[in-house]
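*Asks:* Given next are the chains, with one letter for each unit.
There are 2 protein chains.
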Amino acid sequence: MARPTPLSGFPEWLPDGRVVEQHVLEALRRTFELHGFAGIETRAVEPLDQLLRKGETSKEVYVLRRLQAEEGEDASEKQLGLHFDLTVPFARYVLENAGRLAFPFKRYQIQKVWRGERPQEGRFREFVQADIDVVGAGELPYHYEVELPLVMAEALGSLRAIGVPEVRILVNNRKVAEGFYRGLGLDDVEGVLRQVDKLDKIGPDAVAELLVAEQGATPEQAKACLELAAISGTDASVVEQVRALAASYDAVTDLLETGLGELRALVEAAARRAPGVVVADLKIARGLDYYTGSVYETVLVGHEQLGSICSGGRYDTLASDGKNTYPGVGLSIGVSRLVSRLLSAGLVTATRGVPTAVLVAVTDEETREASDAVAAALRARGVPADVAPTAAKFGKQIKYADRRGIPFVWFPGEQDQVKDIRSGDQVDADATTWEPPAADLWPRVVPAGE
Amino acid sequence: MARPTPLSGFPEWLPDGRVVEQHVLEALRRTFELHGFAGIETRAVEPLDQLLRKGETSKEVYVLRRLQAEEGEDASEKQLGLHFDLTVPFARYVLENAGRLAFPFKRYQIQKVWRGERPQEGRFREFVQADIDVVGAGELPYHYEVELPLVMAEALGSLRAIGVPEVRILVNNRKVAEGFYRGLGLDDVEGVLRQVDKLDKIGPDAVAELLVAEQGATPEQAKACLELAAISGTDASVVEQVRALAASYDAVTDLLETGLGELRALVEAAARRAPGVVVADLKIARGLDYYTGSVYETVLVGHEQLGSICSGGRYDTLASDGKNTYPGVGLSIGVSRLVSRLLSAGLVTATRGVPTAVLVAVTDEETREASDAVAAALRARGVPADVAPTAAKFGKQIKYADRRGIPFVWFPGEQDQVKDIRSGDQVDADATTWEPPAADLWPRVVPAGE
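Sequence lines, in order, name chains A and B.
For the first sequence, the numbering used here assigns the number 39 to the initial residue and increments by one for each residue that follows.
For the second sequence, the numbering used here assigns the number 39 to the initial residue and increments by one for each residue that follows.
Don't read these hints as lab results, they were simulated from the structure.
Fair warning: this is a prediction, and the values are worked out from it, not measured in the lab.
Be aware that a few hints might be false.
The list treats identical chains as one, so a pair stands whether inside a single copy or across any two.
Result set (BS3-like, lysine-lysine): computed pairs, CA atoms no more than 30 Å apart in a straight line [stated by the list, open to error]: (1) K361 <-> K437; (2) K261 <-> K116; (3) K361 <-> K431; (4) K236 <-> K437; (5) K434 <-> K361.
Generate coordinates for the entire structure from the input sequences, incorporating the hints supplied.
*Replies:* If you want it as structure tokens, here you go:
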């Protein structure tokens, strides 16, 4: 077998990269759980017809086929595809288990998703997402639209300690955009949003041209859309700016006022609870058509060109089973993109790629059992320990530890000794009482350069 | 959308079942890490040609296809399939990263795998495996064949506290079987092993018939094979029994002696380090052809009909890149089967399905912020807290907590109070100092009935 090469779009980490990823996942999970989100995991596959309900993403689905499916057998089976996000499976899970869940249901879900992108784009085709959602049966109070982005801000903020840059959550409200566009006389709201969504990519002039050419806007309507998109700020003055703009175009509507009320509540609460984190940014459009209220995007300050690493919004109908509709609000972190960036930019590093804090040396194969006993005594007290693979010269055994970043080597004898191979300090020690410094017990993730 | 129904073979748990699964995964992971195994995760897909290298499992592969792949585009792309175990991807990972890994390389890997089984069999098509392997470059000392099953015994033993039954690891050595069969004059070793592997299913008489009919054995040779398979025991006397049996058939070979030496070392070391856990059982065959030394199966005592929940063995060639071959030894736990059994048999239970220890009540929507502040103060000290969704009557808010198994409800006021809703006790409390009893802080997994 020749040496295999990586598959483009399917990222994998070496052991020390995986330590970083695990740390990130655990930090996120801890914040989610402190806020009362229950963890669930759904199967990786969904019936193809469910995956294709939203047109936007259908082109990215991986379809499954059993290699040895017999002729005609699959005709009776549902065609399956890999999920491309965690929202579609969550909606299905909620419907399937509605009678056994308590609503409002707060859940987090951390899993891989797959997207069959064109190979040449260099985008991930397999990646980890970390989602939180709150879903109600029939109704869902507005205050969750304030709380959920703040939970994400706290989760991402817990990564500051390892060198993850500050985050800024950009918020908008779909009702504001829709109310404003309709007030202007532009009724193809989705079409307008789709063009505005291209602002960062192609710039305002090109967007204005598209609004005129493809949405049938007048130059003045296009100008108004761009003026709205240019408004941003961290306090309620944003709301006044939008209202003044709408008034100047005679475009104030009830829907706009409802949206502005919600946006104000969000910005004000966020300014109190997490000052500086949330910015109202009226150009945030979010391509997906199912958002009906607040929408969110999140950038790493100083790394805005990465795009949004955490997005989401409010949807009035996550799912519906005829008896109930299930409104919700949620956000999703693209964990693989974040971790990939942290590693490739050298922002963070793991102190070692193995859990082992102590390598127990082996004097000769006849006394391996004594070394095994030392390791067992250390592990029994929660100290990760490994035993040297062979009774090589001690210099070689120390090198084994050094190559792996294991900080301590233990020498069994009449009087056991333990050596810190970084400083060279070697002291008498007893496996039933000795402990490494807390900072050396497990691998840690730290800002690079520390 | 009509209420969806579960997909056969794709298990999912409700939140409290997921608490159990998470507990199991964390307990396993902790043991693996205490023993110095580094965690890795590989992508879910492998090139189809790699998945089909071993004939045995090829029938179970799920093949992927991009729904919108353009005509002819896929011709240049490698065909991909979902991995059906964690050994094939690990072998590829080792080859791909050989220059960046330190050998012997000890890794654990906990991931889902997929098998496109026939749907009507009621077997899992998606399930979680937890694997440990040690792999060397060029060589791998025998002592790892002793250590790895003991690590698994320790990992599974750490689940005794939650009600998982005792485990028994059944071991055999491929060299013993092969040496014995060849000594008898039966050279189609794999064929004989395949028949012997059916003993539990079809019984000794039917196996003897198959050995004669399909492997061309004489009735006496078949009888000898069954006599070997009937030998088992927990100490070195097993080795003497096999040797005596082989001598009686004049079937002693060098290979048999080598295998018996290894089996003796394993049984003796296991008897010292984990008395009663390891049983030499000469009928253990393991279907896969790549094992070359020790082989392992694991049963839950009292639930033997479940079959092996943790299997593996020694292989001389995990992978080879022309420059090096990579021998290894490893075992794999079928976590989903174990968790499914624990849940369906009612052996274990989670104390609650949400992380929340405290629900903070809301007196009226105007003071929601005060409730949010209490929850924030509790979370800052590591107490998982949720805030009531609406300012309903307190009775309804207590019911919200009760439905979710949340033990405490907090009432903000001039003097905050906290109520244990199980006992009804309500006391004054301060969110900056109060703590729940340790047993209530997080959901716990306990034997059912406790």
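*Asks:* Please go over all the hints and tell whether each is borne out by the structure.
*Replies:* Each hint tested on the structure:
1. K361 <-> K437: Close across copies (23 Å), not inside one copy (67 Å); limit 30 Å.
2. K261 <-> K116: Cα proximity of K261 and K116: none, with 49 Å in one copy and 48 Å across.
3. K361 <-> K431: between (73 Å within a copy, 26 Å between copies)
4. K236 <-> K437: neither (55 Å within a copy, 48 Å between copies)
5. K434 <-> K361: For K434 and K361, only the inter-copy Cα distance (23 Å) is at most 30 Å; the intra-copy one is 70 Å.
Hint compliance for this structure: hints 2 and 4 are not met, and every other hint is.
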